[in-house]
Amino acid sequence: MTGDEELIQVEQVIERLIARHPSVPPGDIELIVRDIHKRFSDARVHDFVPLLVEKAARQSISIRAAGTPAPASRTRPRGTRAVTVI
Numbered sequence: 006m007t008g009d010e011e012l013i014q015v016e017q018v019i020e021r022l023i024a025r026h027p028s029v030p031p032g033d034i035e036l037i038v039r040d041i042h043k044r045f046s047d048a049r050v051h052d053f054v055p056l057l058v059e060k061a062a063r064q065s066i067s068i069r070a071a072g073t074p075a076p077a078s079r080t081r082p083r084g085t086r087a088v089t090v091i
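Everything in the sequence shown is counted per the numbering used here, starting at 6 for the first residue and increasing by one.
For the record, the hints were derived by calculation from the structure and aren't laboratory data. Incorrect hints may have been included.
[To be verified] No more than 25 Å apart at the CA atoms, straight line, and that leaves these computed lysine to any residue pairs for SDA-like:
(1) K43 with E11
(2) K60 with D9
(3) K60 with P27
(4) K43 with R21
(5) K60 with E16
(6) K43 with I68
(7) K60 with A70
(8) K60 with Q17
(9) K60 with G72
(10) K43 with E59
(11) K43 with L56
(12) K43 with E20
(13) K43 with I23
(14) K60 with R39
(15) K60 with T7
(16) K43 with P31
(17) K60 with P31
(18) K43 with D9
(19) K43 with L12
[Claimed, not checked] Ranges between beta-carbon positions, derived for each pair:
(20) T7 with V29: 15 to 23 Å
(21) D33 with L56: 15 to 23 Å
(22) A71 with E20: 17 to 25 Å
Quick reminder that beta carbons are idealized off the backbone N, C-alpha and C, glycines included.
Based on the provided sequences and hints, a complete structural model is requested.
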């Protein structure tokens with residue numbers, strides 16, 4: 006998949022999500038999708054990026070629409086363990 010094809014598919018994701026969630030401002034949906042898309046900028050394989058972006062954006066929009074706070078981002082690097090101090 007070329008970069009242009011990926012961008013076209015991400016635009017289509019935005020359009021689908023705007024149509025599916027009329028109660029969410031379109032600008033908010035666009036920001037959510039573009040923010041998630043940026044997370045995949047370093048991916049080695051981009052064939053499934055639009056699909057992964059759409060799935061993550063749907064989850065984020067659903068959480069937002071339900072009024073549930075979004076889950077906190079990872080606060081420590083992968084592969085490290087939390088330490089409990091007593």
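Okay, the hints, checked on the actual structure:
1. K43 with E11: holds (12 Å)
2. K60 with D9: holds (20 Å)
3. K60 with P27: holds (18 Å)
4. K43 with R21: Distance of about 19 Å is within 25 Å: holds.
5. K60 with E16: The hint holds at about 14 Å.
6. K43 with I68: Cα-Cα ~20 Å, so holds.
7. K60 with A70: holds (15 Å)
8. K60 with Q17: holds (13 Å)
9. K60 with G72: Holds. K60 to G72 sits at ~19 Å (cutoff 25 Å).
10. K43 with E59: holds (13 Å)
11. K43 with L56: This hinted pair holds, its Cα atoms lying about 14 Å apart.
12. K43 with E20: holds (18 Å)
13. K43 with I23: holds (19 Å)
14. K60 with R39: Holds, because 13 Å separates the two Cα atoms, which is no more than 25 Å.
15. K60 with T7: holds (21 Å)
16. K43 with P31: Roughly 18 Å between the alpha carbons, so the hint for K43 and P31 holds.
17. K60 with P31: holds (17 Å)
18. K43 with D9: holds (15 Å)
19. K43 with L12: Measuring from Cα to Cα gives roughly 11 Å; hence the hint holds.
20. T7 with V29: 15 to 23 Å: Taking Cβ atoms as reference, T7 and V29 lie about 30 Å apart, which means the hint is violated.
21. D33 with L56: 15 to 23 Å: For D33 and L56 the Cβ distance comes to about 21 Å; the hint holds.
22. A71 with E20: 17 to 25 Å: holds (23 Å)
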